[in-house]
Amino acid sequence: GAVVSQHPSRVICKSGTSVKIECRSLDFQATTMFWYRQFPKQSLMLMATSNEGSKATYEQGVEKDKFLINHASLTLSTLTVTSAHPEDSSFYICSARDFQTSGELFFGEGSRLTVL
Amino acid sequence: RKEVEQDPGPFNVPEGATVAFNCTYSNSASQSFFWYRQDCRKEPKLLMSVYSSGNEDGRFTAQLNRASQYISLLIRDSKLSDSATYLCVVNTRDNFNKFYFGSGTKLNVKP
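Protein sequences appear in the order of chains A and B.
Each residue of the first sequence is one higher than the last, beginning at 1 in the working numbering.
Each residue of the second sequence is one higher than the last, beginning at 117 in the working numbering.
Chain A extracted, bound-state conformation (with noise of 0.2 Å):
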């Protein structure tokens, strides 16, 4: 089936700095991708709505600038989190839904941040 690879799976970063997570669909065509965060024993929150070639949509509460999401190909949306604090530790998770065949909404493995 479809998949989504999700990188990387840990990051550990200092206060103030920048991460970058990638999201690739690896055997189909995303023009959309979906960020999520889950905070322990909370379900998953639909961060932004990655849209290739153009500007990605962003739920209420959340941050475009802090936030930045890339979908500059078919099959890969980044998601930058700048200037992380210690509150933006989370589980991130991206997902993708393969239209070409199912329509199936598929997950990334997730990328679990920690900021110190």
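Each hint can be trusted.
Calculated pairs, DSS-like style, for lysine-lysine (alpha carbon to alpha carbon, straight line, at most 27 Å): (1) K161(B) to K20(A); (2) K158(B) to K66(A); (3) K20(A) to K64(A); (4) K161(B) to K214(B).
These are calculated hints, taken from the structure and not from any lab test.
With chain A's structure known, arrange chain B on it following the hints.
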């Protein structure tokens, strides 16, 4: 009001038990419904889609009641490996095909 609501559990059941999870959604225009399984510190994975007529996949049965805006998942003959968090997911067709997630129901199957 949340888009999707689930009982967080945990449900602690012995092996072999039958367990049922419920989920309600608030948007009557919701179009597609799914159950995902999420293991601790892992990404969610599709367990099964939920069809209007109800559907079964082995020990798992999913049902949808559009009138009540209610979805259920029944697991028969629980296995230890069924222990996970089960997420109810609803898709509302808008410009970007957003998916809304319930908070998940945790299942612990004990020997």
